[in-house]
Structures are given as structure tokens and as C-alpha cells.
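There are 2 protein chains.
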Amino acid sequence: MIKLQNDLFLRACKKMDVERTPIWIMRQAGRYLPEYRAVREKSDFITMCKTPELAAEVTIQPIDLIGVDAAIIFSDILVIPEAMGMKLEMIESRGPKLYDPIRNADDVIRLREIDPTKNLKYVLEAVSLTKRELNGRVPLIGFAGSPWTLMTYMVEGGGSKSFSEIKKFIYNQPKTAHTLLHKIADAVADYLSAKIEAGADAVQIFDTWGGLLSPLDFEEFSLYYIEKIISRIKRKDEPVIVFAKGVHNNLKKLANCGADVIGLDWTMELGKVRSQIGSKVALQGNLDPTILYANKEKIKAEAVKVLESYGNGSGHIFNLGHGILPDVLPENAKFLVEVVKEESKIFHR
Amino acid sequence: MIKLQNDLFLRACKKMDVERTPIWIMRQAGRYLPEYRAVREKSDFITMCKTPELAAEVTIQPIDLIGVDAAIIFSDILVIPEAMGMKLEMIESRGPKLYDPIRNADDVIRLREIDPTKNLKYVLEAVSLTKRELNGRVPLIGFAGSPWTLMTYMVEGGGSKSFSEIKKFIYNQPKTAHTLLHKIADAVADYLSAKIEAGADAVQIFDTWGGLLSPLDFEEFSLYYIEKIISRIKRKDEPVIVFAKGVHNNLKKLANCGADVIGLDWTMELGKVRSQIGSKVALQGNLDPTILYANKEKIKAEAVKVLESYGNGSGHIFNLGHGILPDVLPENAKFLVEVVKEESKIFHR
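One line per chain: the protein sequences are A and B, in this order.
Just so we're aligned: 788 in the working numbering is position 36 of the first sequence, and the numbers increase by one with no gaps anywhere.
Just so we're aligned: 771 in the working numbering is position 19 of the second sequence, and the numbers increase by one with no gaps anywhere.
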């Protein structure tokens, strides 16, 4: 095994001392980079996910171009429903589409149990290849969607505005919903274990739609399954990050789910959250992604505010509060990384 | 002036004693009602807004059909940008469109100052007519969008997924944004004053997009202008309700904005919020609107949970945590109203 040259990210996840705050950016391997778009022009999104060489190439781009302290494997959370037997299509500018959405118990039965080393071999190969090509420069993060978030896509058949179908499903067929959630949780646990086995140094669970739920429903339909996954992931000391967007009401319970790190969106006050749960977990976030539309002076001022809000000491991984937007200037992303690297030093003396 | 036969809603807004918890439903005059759709079939949405007889008719429908304790005038928050000179279109199933969106200082200068008694006379006539036709059965609520929410529509040109344009606008042209916000705030204050003058018994300010902002940005770009409006509304004892969707981080400041009532979405814990700000303001909400997709047993159980969460005593107006969805069964809405009327009594002994 190659020794990591930059392990700031991993140390911060474990709340160990660091010389400065590490930074990576959600969706850092993405459309805002011309170098990414050049690859994307030649092959569609799903082909990129399924071709380890292409996935590795775009995964490594932001390390070279932007200077982030961790890589996150290029992939999509919907490879799981696809591996379970659903037909997936990525429709440009309209988002993902899953055909024949799940609506009843029969639909759930038809979904197959997955063996990641077979059904999702291409992701594991992409992880191994990326790991080799990174050659120890920075750690590599693997990821998956939470069972609740994946089920939302599987029932809605894609994104949604009103989320009517998923809500009808959980309120009118709660038993079937729980059967499906268990099935997805098993798949995700195996999948993340396999990613770690293939070389991932950390994993992140995205609960993009957790914020749709009332506090009690969040515990029942989302948090329970996140806990189940974390308890079953086979890992040595690879940290687990949970990013539950919009989940502002269950922070204390979230902090007890077994995760090492909780990711926060930009509507949270980092310092306040640290005082509530910072003794338990490290925190990741949480600059408003649209700040990258601003001029450099504003970007710097706002990045410093985030650093100040967390305050002194380790346990903070800088990130945006959501994915980087496709029409952001790459130089602004690069500037943010430089600012965080420089301005965070004084918080670690 | 006709004496109100049912003033439960107004008393609850003032935290005065009530025999039971009053209930009304956001978007209660809307597409889920076949009687509404019958009116809507014959004239488009904007014509309905602009024809006092039609606006009055659909405003009163849910009083007869669902049994709610307050009426809210049928209208749209975007009548303000239209009165200021923007061309508005309502595109079926795609939402509103404002042509030639605001992008710079020149665009802002071109917007005209409004005189509600002239530019929005049709709304005031609808209020007066509805008030007459209600004949004192229940109070009538007038409403407006918050300056931040209206500006979001005016800059985006309609709804949005990424809200890139509005964020670029406030971060790159903050002075122009504040000029526009002041202009809108003046218009909204005059408009709500005129509605009260025309007969509205209460007014609600909808800050639908407040939750897009970080806590500090919310204070700067939204809350400040809500406060400005409330301080300038000409009223006797007509309560002001502020509904700021997704604003979970500034509750204490929100409670000091001058509003009598704070509306909450379903991601909040009503009881917890009451313990934080309930001595200052009454609370409105906050059943998840999608609960109305469930069966009656579930609807009842969840409605009771909301009542229990608030607990004993006055100061609670039952409502959904967001507008009622167009594909909800009217009988479920009616059932909810009955449940709240019956089950809330024991909290007011």
C-alpha cells in the first residue's frame, strides 16, 4: 500500500490535529470544468460511470486543476437501483429517469439482490484504477445514496417537484416501504464495503432528500437505515460521512448514527452545530455554493466566515453546502481552495 | 360593520382563549376542489384573480365545502410585480412566468411605484365583495409575498431549480438588490394596508424562498424588509402572520419581526418552537401536506400529533406546513378539519 502524501482530510475526519483545514468540493468532478466537458462530449454520463479509465480521469481532474485535498470517485447514486434491475437514463438538463417506478409490493419483489463484485464491478475497478493513478497524492472517497434518497428516486421514477408518489407510498404502504428500505440498505452496505475493499479511504452517504421528511418520519424512514448501513460496513479506520441535506431538526440523533463526520448545508450555523454535536463528530461544509458566483473579495470574505464560525481546532472539513454548480468559473473554485488553505492555518496553531 | 360569528382564528392569533384550535389551509381555494376546477375551466388563472366575482366565489368555496375557520382571498403574490410593470403569465403545470426579468439597476429604475387603489383595485374590490358575501361567517385573510420572495421571481423570471440568477444578483449587485427590495417593500406595505382598509381581518406574508438563504443572508435580504413592511402596515388590531418556509435558523429573530403569528413548515417541531418563541408569538401549522394522501386513520393520528406537540392553551392556528396539493381528495381535507375541531377541544379546557 502506498503511503498518503496528504492525509489532512482523513485526519480531520478523525478530529486529529492538522496544520490547516482540508477542503474538497461536492461534484468537484463535474460540468464546471472544461476538461470534464471535453470527456463528456465524447461519451454519455452512464458510459463515463461504466468505463473505469474515464471515471478515473475525471475523478483526478480536480486534484490537478483545483487543488482539493481529497478525490471522490466519479459515479452516480443511481447505479444501485440500476444494479437492482431498474432501467436508468440520464436525460441532459432534465436529470435522471428510472423506468417503471416502484409502486407496490410486487415491484419490490422483482428487484434483485446485488453482489457488488459482479453487478457493480465497473465501479470497483474505477476505484482501484483511480487509487493507483492517484499514487498516494490524496485520499479517495467512495459514496452511495441513503436508502431513503434512493427509494425516493425509485418510487418517483426520477426527480420530483411535489414528491407526491414517495409520500403516498410511505403513508399508504409503510410495510412495503420498509421492506424496500431494508433491501436497499443491504445493497448499500455491501456496496460501500466493496468500495473500501477496492481502495476507498473514506465513504460518504448522501441523504439528499432527508429534508423532505418531518422529524419523526426522518427517524423512521431515513436515519434508521443509515444507522443500519454504518453498523454493517466492513472497514478498518475508514471514516464514514453522512450528508443529510435540509435535516436541521435531528442533528443530535444524526450525530449518534455511527458516522465520523456530518455534512451540513449552508442554512446551518457551523459554530452553533459544533457546540451541539462537535464533541461527537467532525463537521463538513458549508459554504453556500452560489457564493462562487461572486467576485473574489466576496468569496474570500465568506470562506473566512465559515472558518471563523467553526473556530479553532481540528474536526472541520471545508466543503460547499451542496454540489458545485455547473456554471461556476473554475478559477473561482480554485481561488476558494487557495483561500481555505491559506486562511485556515491560524485556526490550527 | 358586521360582527364575526366565528372569530376563533383571530383570537388564536392574539393568543386569547379559544374553545378549540382554529384551522385553515394554505391554498384552500384551489385545484383539489372540483368546484374550483369548474370555475377555472371557464376562465384562466389571471382572469379569476382580476374578476372580483370569481375571486370571491372560489375564496368562499372552502368555507362551505371544507368548513375552515378563515377565508383567504384568492389571488397570487405575483400581482405586485405585474402592477410594477412586469408582464406575467401563468403557464399551466409549469408555473408562473415573468417576462424580461430584472438583472440590473436600469431594470429596477423602470419598475413603477404602485398605488394599490389604482393598480390593484381589482384585488381590493375582491376583498370588499368577499367580505360582504362572507357576511361575518369567518374572518378574511389578505396576503402578499415577502420582498425577498418577490424579488426572486422577478430576477429568475419565474420559478427556478438552481436559483442561480437571484444569487448572482445579490452577490454581485448588492446595492441594486437592496434598492429593489426597498421598492418592493414599500409596494407590499401599501398593498397590505389597502387590503386591511378594504376589509381584510388579518394579513399573511409568504416568504416562500427565505429558506434558500444562509442565516446571515436571510437577515440582510429578507427579514429586514419583512420588519420594514410590518412596521409600516396601517392596521388597528389586524394580526400579521409571517410564513417563512425552511427558515429554521433564525426563529428567535423572526419572532421579533413584529408579526403576531409565525407559520411553520412540517420539518419543525411545533412544541420545541413553542418553547423557544411561543411566549412572543402565536404559531401556525404544521402538518405535512402529503399526510392528506393517507387514509383517515393516519390523517387523524398525525393531526393529533400536531395538536399534542403544541400542547395546552391558545396561540395555535392549525394549518398544513405548506399549500394543499392539487391531487388531494377533498373529503380528506374535510376530514382533517373535522378532526382538528373535535380533537383540539381538550387542549383548551
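Bear in mind the hints are in silico, worked out from the structure with no lab data behind them.
Predicted model only: the values in this text are computed from it and were never measured.
Errors might be hidden in some of the hints.
Note: identical chains are not told apart, hence a pair may lie in one copy or across any two.
[What the hints assert, rightly or not] In silico DMTMM-like cross-links for lysine to aspartate or glutamate, where the CA-CA straight-line distance does not exceed 20 Å: (1) Lys794 with Asp858; (2) Lys767 with Glu1060; (3) Lys794 with Glu809; (4) Lys767 with Asp828.
Going through the hints against the structure:
no.	hint	result
1	Lys794 with Asp858	neither (39 Å within a copy, 42 Å between copies)
2	Lys767 with Glu1060	within (17 Å within a copy, 40 Å between copies)
3	Lys794 with Glu809	within (13 Å within a copy, 58 Å between copies)
4	Lys767 with Asp828	neither (28 Å within a copy, 50 Å between copies)
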